[in-house]
Amino acid sequence: MGYGFNKSKIALAAIAAISTTAIVSAPGTASAAKTAGTYVSGDFHNHTTCSDGSISMQKLVKKVTDKVDTPWGLDWFVQAGHGGSGNRNCTLVEDASLATPAYPYVSTQGPTTTWETSGVTPKGLVSGTSPNRVMWRWQSIQEFQYPLIEYLAAAKNLPLFIGIESVAPGHEHVSAAVITGQMPASVDTATLPTTPGYTALGNASALAQWEYCFDRNDTDTSRGNTAVGSGIGNNWSCAVTGSLNEADVSWSAVAQKLIPAGGTGTGTKGHNKTLEGLKWMAEKHGNGSYYVPAHLERAGPFNPDGNNGFNIEHLRNFNNTAPRVAFGFESQPGHGASDNRGEYQVQRNTINGVKVDSVGGTTYGGTGVYAGYVGGVWDALLGEGRNWWFFASSDWHNRGSFGPDDRRSSQDFYPGEYQRDYVMVRNGGDKLRPQAIVDGLRSGNSFASSGQLIDRLAFVACSSYAGIGARTNASVEALALAAATGNTDIDKAGCATMGEKLAVRPGADIVISVVVRDPAGTNYSPYTFPNPSLLQVGINQPINQPVLDHVDLIRGLVTGYKTPGSADYSGEWPRNTNWLRTDGTTAGLSAVPAAAKNLSAAVIRTFSGAGTGAWTEVTAADGSKFLKMSYRIPAVAASQYVRLRGSNLPASVPYETDASGNPLSDLYTNANDTSKLRIPCTTVGANVPTTTATYTGANIDGCPAHLPVVGGVKYVAYDVAAWSDLWFYSNPIYVEVAGSTVVAGVK
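Going from the sequence shown to this note's numbering is simple: count from 1 and add 41.
Read the hints as simulated data drawn from the structure, not as lab findings. The model shown is predicted, which means the values in this text are computed figures rather than measured ones. Heads up, none of these hints are tricks.
What follows is a list of derived Cβ distance ranges for each label pair: (1) T240 <-> A679: 55 to 61 angstroms; (2) S271 <-> N328: 30 to 36 angstroms; (3) E287 <-> N173: 31 to 37 angstroms; (4) A643 <-> G238: 55 to 61 angstroms.
Straight-line C-alpha distance at most 27 angstroms; calculated BS3-like pairs for lysine-lysine: (5) K75 <-> K472; (6) K717 <-> K396; (7) K472 <-> K197; (8) K472 <-> K103; (9) K108 <-> K472; (10) K108 <-> K666; (11) K197 <-> K103; (12) K320 <-> K788; (13) K788 <-> K325; (14) K472 <-> K325; (15) K197 <-> K108; (16) K788 <-> K75.
Glycine residues also receive a C-beta, built at the ideal position from the N, C-alpha and C atoms.
Using the sequences and the hints, build the whole thing.
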């Protein structure tokens, strides 16, 4: 289709040996005995017609794992979707090209055909009118989606499994999974059917039960049975050991689960049910589940009388309740091509009759304010020493005004097309499996990148002591370079990487080395015309050939966990113009409550191609280019953390970055309010489709027709805005200094 991406394959390089005196402990792993692994990319938040997506499961899996038709193929993939119910059969395919012996194409049916029309009877307390009655998501997961994903995993030899975007009681949405039962080893040697139908070897019954028990939109009372009171079927109880259960005023004896009443206190009661769901995961599937709040700023602040967003205290509660299950957030949301990037919007939500912004008003370079603002909520959590990690997602639903096969988008990008999480998965010589992937997510050894800005990262911190065990910047760079070229990490005593803790004596120097690969060639953008944001500052760079401009090293101090109930435990981010002013500027951290900020967090070094923090370019054996850079923190006395972010945009790009290189509000490129648009798109090309007919052809060389026009001028918005403004974020490395604050969240 005339577009691709030059991704080099480099053989694993041996990591250079260096001397050491200090020891680093990784979560659950002996420092010198790590199982071998590599960074692999994936996505765990997306939708099909089983919830509110636009395509079948088969088509979504093909789109996101194919490396030919759609060349952004992911290494692993979790098919998710909203909890609750739906009436469409997402296991039916769109056309014969997607047909398989077990799931053939039926010319009169497709993924928008209802369950009943396709011959399936919904179970439980069923609502709706035939033939459009809805199916509860627990039944869909258990009986239809899991068998199909197992079949596709076996047929394509791909690491696939089922998750869910839960509609969280008291809040909005959460990416979650329980992998128990999914993809047993016997799937490796399964004999696939040659006729319609497939009997799964594994199951997703644990995930189905959790959805029934703890999803706000699942109001079924059948206990997972064929009908309420029948006793035929799953007969689930949602009781949690040590909890009130039937003694709770919200407990339903018929449903055997909590059903909080609406009205005053809805949000508070809902939050308590959400904590019960986390306790259930931790008790029954503590090693095989995760719970990651999604686009958590979007629905505004927490509403004690409704079901809105998440304040920092709720994230603390989650992590306190189940630290091995609730270990991070998606503060870089999907929906990156929508008229409001991430679907974040000024006055998006109504709370107690008052219009309220998404928290922060908009995204900031495509990232929510909780993580996108240095010193904000994420830094506050890291400043406690928590295992709280950063993730991104696609949140795929549809292409907006375009069809699902179009290269343009006014709503979503496919999983892997724009955003992806790169996760260290330690599978040794085994294939990628759900447990190793979940363990990788839990470890925090991961980074997220948009628009293929980088595709390799080694981020290393090593201790150095005067006279004994001294390390030079060059020796640590050698470790990082070997790791980056091998697409792996380091395994050296006295050194740590993302998600790990480096334990040192007071007075040690910390040598930090970063090696990244800014991949050569084009990314997956369809646009070849110059990036309009960069043209403002005289840089002529094709949108589909982004260049990493700089990397920021961010540091914050660790002062320990906040105490529940204390004055600095809870705090709501400022609302509306108390934070985001009408001109797009922000009030700054002085307006943020103490509980939601970490004033010690700051950029301590900016690396770029020139100046004090200049990086060095290194050419690997296959010709690919790596950038290496180092920084030394002298004589540490207090526990701290370091993390990274980087962008294709330099500092002081109008309406994109401030003078320090921080991302500005995306208000200026959000098309829902055209009066705020500021960046013109003026390139006229020879290949610019002018209709919404599906376009899969050659690259588009001029400003596309779907951009908003104000006063006769096209302005940057939608997918052009996203492809123009790229960022990556790493997870932190902790440094625990003996005698200082203990970094309690990382073992």
